[in-house]
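Novice: Make the full structure from the sequences, and use the hints.
2 protein chains.
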Amino acid sequence: MIQKLIDRIVTKDAPVVVGLDPTMAHVPEWVKQEAFSQYGETLEGAAEAIWQYNKAIVDATYDLIPAVKPQIAMYEQYGIPGLIAFKKTVDYCKEHDLIVIGDVKRGDIGSTSAAYANAHLGKVRIGNNICTPFDEDFATVNPYLGTDGIKPFIDACNDNDKGIFVLVKTSNPSSGEFQDRLIDGNPLYEWVGERVNLWGKDSMDGEYSNVGAVVGATYPEMGSLLRKVMPKAYILVPGYGAQGGKASDLAPYFNADGLGAIVNSSRGIIAAYKSDRYAIFGEQNFADASRQATIDMINDINSAIKNQ
Amino acid sequence: MIQKLIDRIVTKDAPVVVGLDPTMAHVPEWVKQEAFSQYGETLEGAAEAIWQYNKAIVDATYDLIPAVKPQIAMYEQYGIPGLIAFKKTVDYCKEHDLIVIGDVKRGDIGSTSAAYANAHLGKVRIGNNICTPFDEDFATVNPYLGTDGIKPFIDACNDNDKGIFVLVKTSNPSSGEFQDRLIDGNPLYEWVGERVNLWGKDSMDGEYSNVGAVVGATYPEMGSLLRKVMPKAYILVPGYGAQGGKASDLAPYFNADGLGAIVNSSRGIIAAYKSDRYAIFGEQNFADASRQATIDMINDINSAIKNQ
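In order, the protein sequences belong to chains A and B. The numbering of the first sequence is this note's numbering, which starts it at 1 and goes up by one. The numbering of the second sequence is this note's numbering, which starts it at 309 and goes up by one.
Don't read these hints as lab results, they were simulated from the structure. Note that the coordinates shown come from a computational prediction; the quantities given were computed from them, not determined experimentally. There's no promise every hint is true.
[Claimed, not checked] Chain A residues, not near chain B, derived (Cβ > 12 Å throughout):
#1 Tyr-62
#2 Leu-225
#3 Asn-302
[Unchecked claim] Calculated pairs, DSS-like style, for lysine-lysine (alpha carbon to alpha carbon, straight line, at most 30 Å):
#4 A:Lys-87 / B:Lys-582
#5 A:Lys-151 / B:Lys-582
#6 B:Lys-431 / A:Lys-88
#7 A:Lys-123 / B:Lys-459
#8 B:Lys-459 / B:Lys-402
For glycine and all other residues, C-beta sits at the position ideal for the given N, C-alpha and C.
Specialist: Shown next as structure tokens:
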């Protein structure tokens with residue numbers, strides 16, 4: 001699967017992913033009102049609003065980008081209707097030839113991780129039928145439980161041509177509380193990175209592995225180190241834009257081949273119409289604002305890589 | 309919320325929780341066939357099967373136990389229909405006056421953790437309405453992202469009278485890979501335990517905190533140490549029974565007041581009818597086997613505590 005992602009990144013010359021993380025606060029008032037008039041101010045109404053919002057943003061950006069990353073928490077907070085909107089979004093994006101990275105950050109003991117891996121990357125046998133639950137292309141995974149929590153995801157990658165991104169160094173302010181603590185002289189994130197490198201050998205796909213890593217844009221010196229620790233792991237980089245990460249900091253996340261990283265922006269793209277820079281588009285044309293923000297982000301990242 | 313859980317534990321003299329972790333392999337053939345005849349060998353059919361299975365087990369055990377712990381992965385693997393069965397199970401258990409521990413192991417950066425906290429323990433505002441998505445009583449939470457990933461859950465505990473159990477030392481074989489590594493002479497799980505103790509001060513409810521911890525039954529010497537590190541944290545103990553944890557090892561997880569821990573069994577209860585010990589009940593009476601296994605487990609745990 002990582003090779004499919006790389007092919008699309010190269011074809012579109014866009015090492016970026018749009019984070020489809022909708023909340024009621026982001027959705028334009030008129031989209032909400034249309035949804036509420038049909039379904040009321042209910043979980044169903046919220047789910048319809050975020051689905052229509054997503055659809056418009058995907059329609060306006062899919063030709064520019066290789067991938068999207070829906071954050072399932074934003075859907076889960078609207079209950080079952082929200083999760084139906086998540087599944088509709090996954091399917092709609094795949095119909096538009098986008099790679100879908102399910103940002104689910106699952107992880108548990110072996111047999112339970114296997115169930116999560118089936119849910120998001122695999123299949124389940126029901127009687128004599130094989131059914132496909134959510135069917136994203138990639139999932140993000142939490143490493144706290146160690147190898148036997150990760151192995152079932154790698155099996156699902158190999159069985160179904162899928163991929164994962166393991167949390168290594170996250171973009172949030174308190175990520176260092178545990179991740180930066182030194183173990184035998186090296187920080188925990190480096191030990192996790194080394195393990196990602198090992199795990200990755202079991203699922204190579206061309207020059208890179210289906211086992212990638214999450215490393216926040218907000219910690220570029222750690223990105224630089226982790227790039228060397230996991231040379232075959234694609235790095236999914238959250239934290240660009242709204243969280244404070246700058247394109248000029250991102251060059252070290254890439255390899256000399258110009259590949260090796262994909263940068264996510266969520267609010268900066270999907271709520272672009274709310275920022276001063278794109279306010280001219282107006283709330284009615286929020287998706288056009290997202291398109292322009294996507295073009296600007298691609299240029300910003302590409303010029304930073306080329307100036308490496 | 310922790311006080312409500314303690315009250316039920318004391319009233320029923322049962323520091324145990326039944327893990328409702330259904331898979332197709334556990335559900336008796338006749339329950340599956342009834343479900344498939346209605347909904348086919350589909351995600352809907354699987355969801356109906358696990359819902360009927362759960363309902364029978366709850367009906368047969370609810371008077372004996374204070375709480376249940378549905379593992380959401382087992383439902384998520386059956387897609388949207390599976391998650392509808394999860395929600396029906398949560399609601400049914402609450403109608404039967406059971407405390408529901410959503411074993412969801414969520415955790416993310418701050419704003420995303422807030423969405424998860426809303427989803428499982430809180431509420432969401434939609435227009436002028438306040439809606440309740442999943443509404444478990446407790447959720448399990450992953451600490452890898454540090455304080456800003458946990459804080460939104462604690463806020464949800466305080467706003468809605470709920471609780472969490474933070475993963476400290478998990479029951480699986482490779483949990484030591486990161487959790488046991490030494491940082492300044494102490495293992496990572498101890499540092500996480502100390503943080504749980506600190507976090508817990510912000511959500512006290514009687515003698516204990518709404519911020520509890522997960523510590524596997526399979527590592528009793530670590531349970532003993534963590535009991536001292538987090539004196540006010542209730543410990544949720546997975547790994548008893550099928551995973552190898554013995555009642556005789558569990559005394560150190562409890563405080564001198566006889567409180568402080570609640571022991572989970574999943575397969576050992578819900579699939580009791582498949583074990584030699586309870587085979588006499590037969591597949592038709594699987595729920596009666598679960599009831600007997602619950603009675604035996606309560607006696608086993610209680611005699612171990614009393615022999616402390």
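Novice: Broken hints, numbered, in rising order?
Specialist: Structure breaks hints 4 and 7.
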